[in-house]
Amino acid sequence: MPGRATAERIGTFLAVLGVLWGAWEGWRWLGSHYHLTWPFTVNDTTMPHLHRIIQALFQPAQANGPSLLHILLNASAFTAKEAALGFALGAVGGFAIAVVLLQSRFLERGIIPYVVASQTIPLLAIAPMVIVGLESKFGGTLSAWECVSVLAAYLTFFPVTINALRGLQSADPRAVELMRSYAANRWRILWKLQAPASLPYLFSAFRIAAPLAIVGAIISEPSASIQDGLGGAIVNFNQYYSIEPQELWATNVISALLGIVFFLAVVFAERAIVRRAPENTA
Amino acid sequence: MTVVELKGVSKQFRGGTLALQGIDLTVEPREFVSLIGPSGCGKSTLLRVIGDLIPPSEGTATVNGKTAERARRDRDYGIVFQQAVLYDWRTVAKNIELPLELLNWDRRRRKERVAEMLDLVELGGFEGHHPWQLSGGMQQRVAIARALSFEPALLLMDEPFGALDEMTRERLNSELLRIWAETGSTVVFVTHSIPEAVYLSTRVVVMSARPGRIAEVIDIDLPQPRESEIREDARFFELVTRVREALIRGGVEA
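Chains as they are written, first to last, in my numbering: chain A, -19 to 262; chain B, 8 to 261.
So here's chain A without its partners, still in its complex pose:
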């Protein structure tokens, strides 16, 4: 009965949310009651009441301005646009790299270290280079948010490449032999056998890559001087943290929700696309 399963899931979600809420407020109460200074001093700045954070969403951020929620939803839409393009670029690029590496052990051994190394460079370090580089080359045609997408793709391609390669290699060797018996060339084997066999692995990577695309976009926005997204909002509310901590907290909550929305989009896409034996479903 799907209805009951859904009800159970919502129940579990609410129960966990309630426990977390209680833990936050409980720690807050203990901290302020006994004046704890370890691991940090508890007060309205370090741990605002959760209901204050929620309330802040429905109050104007500036006098007579729109509500904070309104501002953050607009910022989310902007960041979501960057992240979605970044995710798509990272997914396509990551898969393409995996297909290249699949062609020979030599390529795989030679290039994988650089793929890994690429992820040890912080995004903040390469953001200015990419933005300046792209703008000097495509200044007229490429807007700032598209540069941010490229940076988000830099973060998302990695899990896709690693998992796609494993997935492409996961095809049953006898199935490869079967394709050879049909005199199928490398590309037919790739599209008819290896790519479909890699789908479950690919979607595991997409689940990781989708929230990463949001993180990549948020981190890169300040480097591209973008004010319209969640990254801009975080930088902005950072400055007012000591006075209005709940506004930054509220921004973080909305950012997290956007990451969850991206994650769920991947989960639903996977359910619609991947057909596999029931015992293999995670």
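All the pointers check out, no bait thrown in.
Covered stretches of chain A, as calculated for chain B (at least 3 residues, CB under 8 Å):
hint, stretch
1, 150 to 159
2, 166 to 174
No more than 30 Å apart at the CA atoms, straight line, and that leaves these computed lysine-lysine pairs for DSS-like:
hint, chain 1, residue 1, chain 2, residue 2
3, A, K172, B, K101
4, B, K73, A, K172
5, A, K172, B, K118
6, A, K61, A, K117
7, B, K101, B, K118
By construction, these hints were calculated from the structure, which means they are not laboratory data.
Cβ coordinates follow ideal geometry from the N, Cα and C atoms, glycine included.
We have chain A; now place chain B onto it with these hints.
Just chain B now, kept in the frame of chain A:
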């Protein structure tokens, strides 16, 4: 024209194992030849040499008068393995269709052929099922339909019923004989079951192990078409005994 001709075929693997040595064998059109022998006698390797899936170290393999490689490129044979090796993400119909897609048949022709093949292996009504919804015997029937879908002259079978229970195996044996008669194809069949080899074959090739060599070739003169009851015939038992003794002489305790 001779369908398969092997001359002096040897195969040594990289580790040094001599899997096959000096194999000479010809298979004529419409023959059903079984390769039988202990595990490790190289019978599966020999099948792969015929199919150009493994190159021989020495000797030549000719299929339909061409090199084995040319024959593979011309899709002269269909192959069935011990496991059905169906694609989980494809339905039964789409699995049977796979080689036809690779041959660039148009959609209508593919649909027609798939319907014919489903009739041939008696799986009508299961075309929309996914492999995991079928029993082992049904999966193997799909694999046979897939191998025959593009009407190859030669069918290579590598212990296709080895993983099935005895009852299913006997039923599929009879079904295979019917399909063989209906399609007029030539079959090279690897097995380690003596009754299966005798029941199905026109000729049984007994192999010995390490290195794999042909120990004896036994003509199976049971009448055609064969019914299941022939398994209770005195001549059937005689031939089973002959194959068994040949295997023992080749160095196997059967």
